[in-house]
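Engineer: Here are the chains, one letter per residue:
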Amino acid sequence: MKGIRVIAGREVRSLFLSPLAWVVLAVVEFLLGYMFLAQVELFLRVQPRLAGMDNAPGVTEVVVAELFRNGAVIALIIAPILTMRLISEERRNQTLTLLFSAPVSMLEIVLGKYLGVMIFFGAMWGMVACMPLALYIGGQLDIGMYAAGLMGGILLTGAFCAAGLYISTLTIYPAVAAISSFGLLLLLWVVDWAGKSGDTVVGNVLAYMSILHHYESLMEGVFSSADVLYYLLFIALFLILSVRRLDARRLPH
Amino acid sequence: MNDVNTSLPLVAAERLSLAYDGTLAVHEVSFEVRRGDVLGFLGPNGAGKSTTMQIITGNLAPSAGRVLIDGVDMLDDPKHAKSRIGYLPEHPPLYRELTVDEYLLFCARLNQVPKERLRNALDHAKLRCGLTACGARLIGNLSKGYQQRVGIAQAIIHGPPVVILDEPTVGLDPIQIRDIRGLIRELGNDHSVILSTHILPEVQAICNRVQIINNGSLVMSDTIDGLRQRMQSSTLTLAMRQPPGVATLLEIPGVLNAESLPEGRFRLHYAPTQNPAEAVVERSVAARWGLYELIPERVSLEDIFVNLTTTENEVVVSAARGEA
Numbered sequence: 012m013k014g015i016r017v018i019a020g021r022e023v024r025s026l027f028l029s030p031l032a033w034v035v036l037a038v039v040e041f042l043l044g045y046m047f048l049a050q051v052e053l054f055l056r057v058q059p060r061l062a063g064m065d066n067a068p069g070v071t072e073v074v075v076a077e078l079f080r081n082g083a084v085i086a087l088i089i090a091p092i093l094t095m096r097l098i099s100e101e102r103r104n105q106t107l108t109l110l111f112s113a114p115v116s117m118l119e120i121v122l123g124k125y126l127g128v129m130i131f132f133g134a135m136w137g138m139v140a141c142m143p144l145a146l147y148i149g150g151q152l153d154i155g156m157y158a159a160g161l162m163g164g165i166l167l168t169g170a171f172c173a174a175g176l177y178i179s180t181l182t183i184y185p186a187v188a189a190i191s192s193f194g195l196l197l198l199l200w201v202v203d204w205a206g207k208s209g210d211t212v213v214g215n216v217l218a219y220m221s222i223l224h225h226y227e228s229l230m231e232g233v234f235s236s237a238d239v240l241y242y243l244l245f246i247a248l249f250l251i252l253s254v255r256r257l258d259a260r261r262l263p264h
Numbered sequence: 087m088n089d090v091n092t093s094l095p096l097v098a099a100e101r102l103s104l105a106y107d108g109t110l111a112v113h114e115v116s117f118e119v120r121r122g123d124v125l126g127f128l129g130p131n132g133a134g135k136s137t138t139m140q141i142i143t144g145n146l147a148p149s150a151g152r153v154l155i156d157g158v159d160m161l162d163d164p165k166h167a168k169s170r171i172g173y174l175p176e177h178p179p180l181y182r183e184l185t186v187d188e189y190l191l192f193c194a195r196l197n198q199v200p201k202e203r204l205r206n207a208l209d210h211a212k213l214r215c216g217l218t219a220c221g222a223r224l225i226g227n228l229s230k231g232y233q234q235r236v237g238i239a240q241a242i243i244h245g246p247p248v249v250i251l252d253e254p255t256v257g258l259d260p261i262q263i264r265d266i267r268g269l270i271r272e273l274g275n276d277h278s279v280i281l282s283t284h285i286l287p288e289v290q291a292i293c294n295r296v297q298i299i300n301n302g303s304l305v306m307s308d309t310i311d312g313l314r315q316r317m318q319s320s321t322l323t324l325a326m327r328q329p330p331g332v333a334t335l336l337e338i339p340g341v342l343n344a345e346s347l348p349e350g351r352f353r354l355h356y357a358p359t360q361n362p363a364e365a366v367v368e369r370s371v372a373a374r375w376g377l378y379e380l381i382p383e384r385v386s387l388e389d390i391f392v393n394l395t396t397t398e399n400e401v402v403v404s405a406a407r408g409e410a
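For the protein sequence lines, the chains are A and B, in the order given. Just so you know, we're using our numbering here: the first sequence kicks off at 12 and counts up by one. Just so you know, we're using our numbering here: the second sequence kicks off at 87 and counts up by one.
Treat the hints with care, since some could be wrong.
Said to hold, decoys possible - Straight line, CA to CA, 30 Å or less: simulated BS3-like cross-link-like pairs of lysine-lysine:
#, chain 1, residue 1, chain 2, residue 2
1, B, K165, A, K13
2, B, K165, B, K201
3, A, K13, B, K201
No lab work stands behind these hints, which were simulated from the structure alone.
Can you make the complete structure from the sequences, with help from the hints?
Structural biologist: This is the structure in structure tokens:
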């Protein structure tokens with residue numbers, strides 16, 4: 012399994028050698044920083060009123076959960092851009108042959124690529140996670156809620172990247188991969204809009220399929236293993252599909 | 087390596103076939119490469135050279151047949167089989183954003199070169215390919231010839247017993263071609279090399295075995311000495327000032343046929359074992375034919391190649407029609 016580390020290392024190196032990674036990190040940090048500050052300002056304005064209420068939402072719910080929610084939206088937009096290159100660009104530049112000819116399995120290639128892009132998103136969420144810590148200057152955080160939200164964000168991004176990686180194995184055109192993954196992710200995001208009104212079976216199934224639905228409960232600080240399992244299964248499904256897709260050319264027809 | 091392995095061929099392709107949408111890109115190709123062989127793999131464009139190489143290196147699955155690398159089956163145990171191969175595809179798989187050193191170290195790690203030998207492997211590969219001075223340069227900024235060298239360095243960095251090079255000299259200038267050929271010849275000393283090309287002199291210059299593929303099938307497989315014998319054809323051309331008639335020439339022992347060419351020239355066909363050159367000279371002196379030119383005609387590799395690939399073409403076409 013050393014191959015995974017080598018491939019992930021190359022992926023991260025190439026990513027950070029291009030301006031893309033730095034620009035994405037800078038833009039994300041700027042946008043989320045702005046949103047964070049706006050939310051803090053809002054909280055300060057409504058704080059006197061909240062103080063009088065029973066069971067009022069705390070700073071973590073108002074500021075931190077909102078920050079992570081915005082982080083998820085941004086991840087939805089940038090994940091397709093970062094995953095589009097993973098396989099399709101290598102196929103286009105014909106560098107995939109190097110990996111296919113080396114003594115590494117398809118699983119190692121897929122996991123290496125996945126790990127590489129997740130290291131990038133780890134860095135992104137790491138930066139996002141630092142912002143709420145600043146609130147310690149003037150108050151307390153609900154650490155459980157904060158951790159559940161952060162984990163949810165990382166799991167959600169992991170799901171985005173797994174789906175993006177799979178789509179990237181389907182085409183040699185990175186742009187096509189990006190748009191397709193974006194479409195797929197957005198569909199999974201809003202799939203529960205249909206049947207939302209009634210409490211029908213279809214509505215419940217669609218709600219359960221929604222990638223955001225499971226994030227919401229983690230965001231509220233409810234750590235349910237079913238939600239975590241949903242993401243892990245989602246990730247595993249798309250990684251296995253990717254391996255099978257890459258293996259298709261190598262195995263006898 | 088143990089004794090069992092030395093007796094095995096390093097590469098054994100057994101009846102490889104590959105069908106794309108009903109057409110056979112490769113049809114029942116079998117061959118072996120032994121330790122120390124430099125095998126030239128010839129064929130016109132689109133004959134199936136690259137496809138065969140992709141099958142041997144495990145990039146493409148054959149529809150039928152199998153590949154054994156050093157006795158290891160490519161489909162059953164791809165990891166071990168692939169670790170014994172260094173492969174330079176038609177388009178060198180280079181990451182343009184990396185430096186030569188970064189790239190080669192990545193390739194070495196990918197091919198499981200142990201950590202303590204990494205530095206050594208890198209220096210060795212760079213030395214072999216004349217890249218010692220370019221370690222810190224970006225691959226994207228190198229000239230095509232140097233990129234090709236990086237591609238070859240990538241294929242040999244882990245010291246594989248088999249090196250497979252797919253058209254390594256395409257698009258290079260004559261000096262670069264000469265350098266790369268020298269490098270390949272050197273590789274032949276301690277690796278087995280399979281070299282695909284459609285440039286014929288390249289094969290004569292470097293290889294000790296040749297095989298020609300056309301329309302997906304092997305049409306010739308021979309050693310370079312065998313090829314030389316094929317190239318000695320059994321014709322002589324003569325030029326004489328007072329030429330005798332064709333009938334007189336036909337009387338010379340060993341001459342099977344004589345054709346009259348313009349300007350008092352003749353072409354004599356003879357049985358391969360009976361060269362009538364001496365007899366022709368003797369008669370010419372005795373009968374004062376004024377012989378001033380006597381040339382054994384040689385067939386070039388090009389002729390053999392054209393002959394095999396064009397006639398086979400028709401055979402395959404008619405065979406295909408017969409099946410239909």
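Engineer: Could you check the structure against the hints above and give me the numbers of any it violates, in ascending order?
Structural biologist: none
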